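Q: Turn these sequences into a full structure, and let the hints guide you.
Taken in order, these protein sequences are the chains called A and B.
Residues 1 to 288 in our numbering are what the first sequence lists, from first letter to last.
Residues 1001 to 1436 in our numbering are what the second sequence lists, from first letter to last.
Calculated from the structure, these hints are not laboratory results.
One or more hints might be untrue.
Claimed, not checked - No farther apart than 30 angstroms at their CA atoms in a straight line, the calculated lysine-lysine pairs in the DSSO-like style are these:
1. Lys60(A) / Lys1294(B)
2. Lys65(A) / Lys1058(B)
3. Lys143(A) / Lys1328(B)
4. Lys1040(B) / Lys1066(B)
5. Lys1059(B) / Lys1245(B)
In this text, all values refer to a predicted model and were calculated from it rather than measured experimentally.
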Amino acid sequence: MATSSVTARRSRSRSRRPRVLAHAGLILFGIVMLYPLIWMLAGSFKHTSDIFSHPGLFAKSYTTKNYADGWTANGTSFGRYIVNSLIVVTGAIAGNLLACSAAAYAFARLEFRGKKMWFALMLGTIMLPIHVVIVPQYILFSKLGWLNTYLPLIVPKLLATDAFFVFLMVQFIRSLPRDLDEAARIDGCGHFGIFFRIILPLSKPALATTAIFTFIWTWNDFFHQLVFLTDPKMYTVPVALRTFVDATSQTPWGPVFAMSIVSLAPVFGFFLAGQRYLVRGIATTGFK
Amino acid sequence: MFHKPRGVRRGGRRLRVFAVPLALALALSACGGGSGSDGKIHLTMTWWGSDTRHATTKKLIALYEKSHPNIVISPTYTGWDDYWDRLATTVAGGNTPDIIQQDFRYVHEYADRGALADLKRFIPSVINDSELDKSAMSTGRLDGRTYAIPTGVNAFALVVNPTLVKQAGVPLPDDKTWSWDDFVNTAAKITQATKGAVHGTEDMGYYDGGLQVFARQHGEDLFTPDGKPGMSVQTLTEWFNLIVKMRDTKAEPSASVTHETWSGGIDQSLLATNKGASSFWWTNQLSALSADSKASLELRRMPGESQAAKPGTFLKPAMFWSLSARSKHPEEAAQFVNFLINDPEAARLQLSDRGLPINTRLRDQITGQLSPADKKSATFVKEITPELAPPPALPPKGAGDVEKILSRINEEVLFNRVSVPKAVQEYIDQVKSATS
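A: Spelled out as structure tokens, the structure:
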């Protein structure tokens, strides 16, 4: 009795110390990883001339002028760019959710000729570098008269071109028991019924993951938006931010940092709101 | 960057896969592509720069549209790095903007692709060249055609922070007679006197500006007039030895510091942050450097000019205006270019943002309105102009890669990863394959 309680206490204290150490280590690591972000936040409140001459976190004086300057720079309100980005992101999310899940259903549940080959081909498109496809895409959209509209950024998503999400959902749908499909079929459901009544409601975690990553990737996607949008009024957030940054002349870093912080806010908020679905999705996929 | 033929061929394959949805989309968007229904002439214009240039150029457009109510100019702009990716794509896509801001290194490439219009037929009837700097104008010519009109000129020079030099207590040699050795020794002494708090100078090997002046002082150039790589093994060896000497004598900071400051652009350079006493820049960058450092910076001639058979410094076109070969309204676009370079009001707005105006009468006229730093650049350029040799011809296609090649090799030399002879060979091989 006595000996066992002693060993229990000892083992508990032994297990606690490493945990405290591990946490301290993790917190330290977290701070190191966060430092660039904190530095940018600090920089957004410094005078531009102090940012690189006093590269620490602290400066003699702080200012909120950068936010006002950045918001109104280039004669267009930065809010305009945020709205533009939101339009593109909303369209992309809707497109990806609808098209990728439908394509995934086909790959996971239907039998058709050359299914394996089509699947491999689709996955192969992930490996196509953007520089190879951007010129033909540009010619295509230019002939359609879609330049300077958001169509080139949204319409392709309706064709399930984000192979990564199709793959993600195929894996998820495969893990759903087929018994449910069969039960629905006996009750008189066709493919559409099964898809909309059984598969989609059960795939919420995968859909949430798709929505979150589409948001982040589209929000940060710079190159497509740079090439397809040339009217400054149509610029999205990343493109607008880059109009400030010119290596050959002086860059107003203070406003750039300030607007970078502003443009991070929606991503951060969306991630926070959607994070629990993400975790739940991982938990259920692991559950099989 | 993008090689048009390959991209287009692959596109063909992809197009077929997309044929069905495409046909649908085409049917849906049959109304697209009908711009200019208001009876006005629509021109598109593109440039790179920072926010000040965006603002002034938009003002220029507004000013022009006011006096030409039948013309609408739609601008598009971004920073330097992204500019060339976008331009390459739009040109390959057959959507070249009517008016293009061009750079020395890329004119040849775009002219070869057939993207640029020959402006000869507009000179002097539309674009009046009577007051334009003759020797600078020659740089826009290629095979007897005029593909580009310079916006203005700059010179490569040494920017010095006299306060830091004085604090170090090191006398600055006369820049009319100083040699490269004088320069390196002075810089090393400054580092020594300040115990490394201030470095005498910054590394000059990442950028091709200094190398070009050095080559020209040795009777060579980055490229021969017919577009072949123009540097000899001997001159390149001397150049890289000079870089190594600057590093070893601590005239410039350690390789890792150099690498870090170089990737930070102009705002993070040692001069801008008052950690270096001198550095090589273009004269038009003096104002950005002065604003960053809050010091009264000055310009000095390149070292080694008086020892050389021919001076290496030249007036380089800061940028060019080019017109699209496929423009529907080339005449109107040329009229706008004429406004940009010859109109006194336009010059007053632009000042020296695109280099000191190519129009020599306007160049003198605006000098009084310039900021103190820009005025110094203008005075300096005027002072050295009589000493200079004519500018080189347009470099060949692929010349835009020289800077990348050079900075990669320079980094390896600085970090002692390759020997000087190997670096020389690498430079020669890589420039050859980039431009052939």
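Q: Would you mind marking each hint as holding or not holding in the structure?
A: Now for the hints, and whether the structure bears them out:
1. Of the supplied pair hints, the one linking lysine 60(A) and lysine 1294(B) holds, its CA atoms being roughly 16 angstroms apart against a limit of 30 angstroms.
2. Of the pairs offered as hints, the one joining lysine 65(A) and lysine 1058(B) holds, with about 24 angstroms between alpha carbons and a cut-off of 30 angstroms not exceeded.
3. A C-alpha spacing of about 17 angstroms is found between lysine 143(A) and lysine 1328(B), which places the hinted pair at or below 30 angstroms, so the restraint holds.
4. As the CA atoms of lysine 1040(B) and lysine 1066(B) are separated by approximately 13 angstroms, the hinted pair is consistent with the 30 angstroms bound.
5. Taking the CA atoms of lysine 1059(B) and lysine 1245(B), the gap is about 48 angstroms. The hint is violated against a cut of 30 angstroms.
Hint 5 from the list above is the single one not met by this structure.
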